[in-house]
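Chemist: In order, the protein sequences belong to chains U and R.
One point on numbering: in this note's numbering, the residue at position 198 of the first sequence is 198, and numbering is uninterrupted.
One rule links them: number in this note's numbering = place in the second sequence (from 1) + 366.
None of these hints come from the bench; they were simulated from the model.
None of these values were measured; they are calculated from a predicted model.
Built from N, CA and C at the ideal position, the CB exists for glycine as well.
Be aware that one or more of the hints could be misleading.
DSBU-like cross-link-like pairs, simulated, lysine-lysine; straight-line CA separation at most 35 Å [to be verified]:
1) R:467 - U:126
2) U:126 - R:511
3) R:545 - U:134
4) U:259 - U:289
5) U:157 - R:467
6) U:108 - R:467
Restraint ranges, calculated between C-beta atoms of paired labels, are given here [unchecked claim]:
7) R:466 - U:105: 34 to 40 Å
8) U:136 - R:381: 27 to 33 Å
9) R:394 - U:136: 52 to 58 Å
10) U:75 - R:507: 46 to 52 Å
11) R:645 - U:181: 21 to 27 Å
12) U:172 - R:477: 50 to 56 Å
13) R:380 - U:170: 26 to 32 Å
14) R:481 - U:109: 47 to 53 Å
15) R:389 - U:109: 35 to 41 Å
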Amino acid sequence: MTQDNAFISFRNVNKFFGKYQAIDDVSLDISHGEFFSLLGSSGCGKTTLLRMLAGFEAVSSGEIYIDGQPMSGVPPHHRPVNMVFQNYAIFPHLNVRDNIAYGLRKQKLSRAKRNDMVDDMLELIKLPEYGDHKATQLSGGQRQRIALARALILKPKVLLLDEPLGALDKQLREQMQLELRALQKTVGITFVFVTHDQEEALTLSDRIAVMSEGRYLQVDTPTGLYENPVSREVASFIGTMNFFDGTVTSIKDGNAVIKVDGLGEVSAPVGTMPLMAGNTVTVAIRPEKFLLTDDKPDGLQYSVKGQLNNAAYLGERSHYYVSIEGVSQPTAVSTQNRGRTKEIEAQNRPVWLSWDSAAIVVLKDV
Amino acid sequence: MMLQKSETLRAYSLLSPTLIIMAIGILVPFGILIVMSFWTQVGFGFDMTPTVANYEMATERPIYGALLKRSLWMSGMATVTTVLLCYPMAYFVAFHVHRNKMLWIVLMTLPFWTSYLLRVFAWKVVLGYDGVINSALMNIGLIEKPLEFLLYSQAAVIITLAHAWAAFAILPMYVSLEKIDRSLLEAATDLGDGPVMRFLRITLPLSLPGVMSATLLIFIPTTGDYITPALLGGPDGVMIGNLIQKQFGAVNNWPMGATLAIILMLSIAMITLVFLFATNFVRKRIS
Ligand SMILES: Nc1ncnc2c1ncn2[C@@H]1O[C@H](COP(=O)(O)OP(=O)(O)O)[C@@H](O)[C@H]1O
Ligand SMILES: [Mg+2]
Numbered sequence: 001m002t003q004d005n006a007f008i009s010f011r012n013v014n015k016f017f018g019k020y021q022a023i024d025d026v027s028l029d030i031s032h033g034e035f036f037s038l039l040g041s042s043g044c045g046k047t048t049l050l051r052m053l054a055g056f057e058a059v060s061s062g063e064i065y066i067d068g069q070p071m072s073g074v075p076p077h078h079r080p081v082n083m084v085f086q087n088y089a090i091f092p093h094l095n096v097r098d099n100i101a102y103g104l105r106k107q108k109l110s111r112a113k114r115n116d117m118v119d120d121m122l123e124l125i126k127l128p129e130y131g132d133h134k135a136t137q138l139s140g141g142q143r144q145r146i147a148l149a150r151a152l153i154l155k156p157k158v159l160l161l162d163e164p165l166g167a168l169d170k171q172l173r174e175q176m177q178l179e180l181r182a183l184q185k186t187v188g189i190t191f192v193f194v195t196h197d198q199e200e201a202l203t204l205s206d207r208i209a210v211m212s213e214g215r216y217l218q219v220d221t222p223t224g225l226y227e228n229p230v231s232r233e234v235a236s237f238i239g240t241m242n243f244f245d246g247t248v249t250s251i252k253d254g255n256a257v258i259k260v261d262g263l264g265e266v267s268a269p270v271g272t273m274p275l276m277a278g279n280t281v282t283v284a285i286r287p288e289k290f291l292l293t294d295d296k297p298d299g300l301q302y303s304v305k306g307q308l309n310n311a312a313y314l315g316e317r318s319h320y321y322v323s324i325e326g327v328s329q330p331t332a333v334s335t336q337n338r339g340r341t342k343e344i345e346a347q348n349r350p351v352w353l354s355w356d357s358a359a360i361v362v363l364k365d366v
Numbered sequence: 367m368m369l370q371k372s373e374t375l376r377a378y379s380l381l382s383p384t385l386i387i388m389a390i391g392i393l394v395p396f397g398i399l400i401v402m403s404f405w406t407q408v409g410f411g412f413d414m415t416p417t418v419a420n421y422e423m424a425t426e427r428p429i430y431g432a433l434l435k436r437s438l439w440m441s442g443m444a445t446v447t448t449v450l451l452c453y454p455m456a457y458f459v460a461f462h463v464h465r466n467k468m469l470w471i472v473l474m475t476l477p478f479w480t481s482y483l484l485r486v487f488a489w490k491v492v493l494g495y496d497g498v499i500n501s502a503l504m505n506i507g508l509i510e511k512p513l514e515f516l517l518y519s520q521a522a523v524i525i526t527l528a529h530a531w532a533a534f535a536i537l538p539m540y541v542s543l544e545k546i547d548r549s550l551l552e553a554a555t556d557l558g559d560g561p562v563m564r565f566l567r568i569t570l571p572l573s574l575p576g577v578m579s580a581t582l583l584i585f586i587p588t589t590g591d592y593i594t595p596a597l598l599g600g601p602d603g604v605m606i607g608n609l610i611q612k613q614f615g616a617v618n619n620w621p622m623g624a625t626l627a628i629i630l631m632l633s634i635a636m637i638t639l640v641f642l643f644a645t646n647f648v649r650k651r652i653s
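So here's chain U without its partners, still in its complex pose (with noise of 0.2 Å):
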């Protein structure tokens, strides 16, 4: 990402709370209409790093840039965003007509005129016979449609969203997911989204971050971080990964040949990741990424016998756990049940698994 097209900045952004460090030296451009995550266990600086974008907490050091100008000593009212709170925070003495043209007030518009914006709000996000029904009579989802529309309406450059969503049961979280990305297209606004959810993020997100202690580990789209995670921290968060220790026996061209313990010797692309021969290495593969059989069998690269432990028939995916002689960790492996599938066979039988070369990550740490 490079600075010019930078619609949102921070530059080493660092928040305390008293002696407690929440933010730690963050650095992050977000471009103009994008859909941006952020990733994070709880407690990692999400909502921190949010709220200092409206301007609900300050920033100890550092400066927060939104379409090129510095928040410092913005008020949270005067600032160019607007939020979806957690709890959605509708006003529970106003119907939602008024909660939605809440904002509205500064523009001095007319009656008529409000009127129209605040139908149009209604109508977009699917509520058009509400207006005069009580906020404290709505539904979970209803009131997060209305907490959306009320920052809508305005047409903030930025709409900042805190986990939004999960105070939802799962079908309609999985529905509002669709109907925001979707939104989001429409309305072609900035989207800030914070999340603990990765399925979440990785549905919705053009970028994510992923967070941890302050600080982000990647910043990457959902294919890159799930493909070409940077460290063992960031790819186990996202979805499921094994990992193997190995130690590079020789590079050449960006590919490394390295010695993995239980897998044997295999190639791998490391890109320009500063290894050298006698490194030591994390080998990553994902369970998908597996061929298992009962044979081997011909074609793939690499293969190794080992022993399966474990099965679990999920409907349209299989979930295996297999032990190979010189890994500690049983090894997850996951196959599509296409065609018909027959009822798993007999535990802690002799298979095959098998992979080739652009299934491995390899990651610096151990």
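With chain U's structure known, arrange chain R with the ligands on it following the hints.
Modeler: For chain R with the ligands alone, kept in the frame of chain U given last:
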């Protein structure tokens, strides 16, 4: 069906001690008051033939109406003063005190811990001819002789009532302010409101129930008060309560006292109803 019936029964049996006390303590005296207001005082006894003569006299003789109006006015002033002074205090504790909130509340309600009479006398000391305020003002040379209007005036009664009933105003207003979800305030700020607009559009309407309870809690009992005006009011500060008390004492006209008490009660009830309707209306208009 059976279950429902027995549940209702149980609820009533739980309530029954309270109900009995209420019946004996409130309804019976009230009944006596009503009946008595239709009697006539004859020397030291009563003529029990029902008559509305007392009510006629109460409406015809201007002194009663004037005193009633003055009582409502003074207690209204005391109520407004108390609520206006206590709202900021409750607001401060609810929003700006983060530790030991309860301690602050207890300290603010401290005046309420001493006896009512003691508080009234304390104000007498403060406001009196040789009192704290006058001595201080004379010492620093701002005035040459004591200000007489401080004590034995409507102002003295209003000040004392406001102070004495502060606890009743602070508590309900504090509770309703404390209950306000802080994210609502942040949301209002986020949507463009500065501190003043945010207060007017969110904090105030959401704390209105507390303000209303405080208003009623103070207005209703202070209208009929007779101790404070008797001790601090002087001739200008006499209230209807003093008159009622006199009917049962020196004047010895119990039926007239009963009549005045009932008229006072009806007036308070009417004003309360109007107030409730008005606030409801205003609240609807705001939203
Ligand atoms: N106002 C505050 N005062 C003190 N510590 C805080 C405050 N807000 C957040 N923290 C701390 O900062 C850390 C990050 O919090 P937060 O940003 O809310 O995490 P997340 O949203 O990722 O769960 C947490 O350890 C939290 O306890
Ligand atoms: Mg959070």
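Chemist: Hints the structure violates: just list their numbers, smallest first.
Modeler: 1, 2, 5, 6, 9, 11, 13, 14, 15
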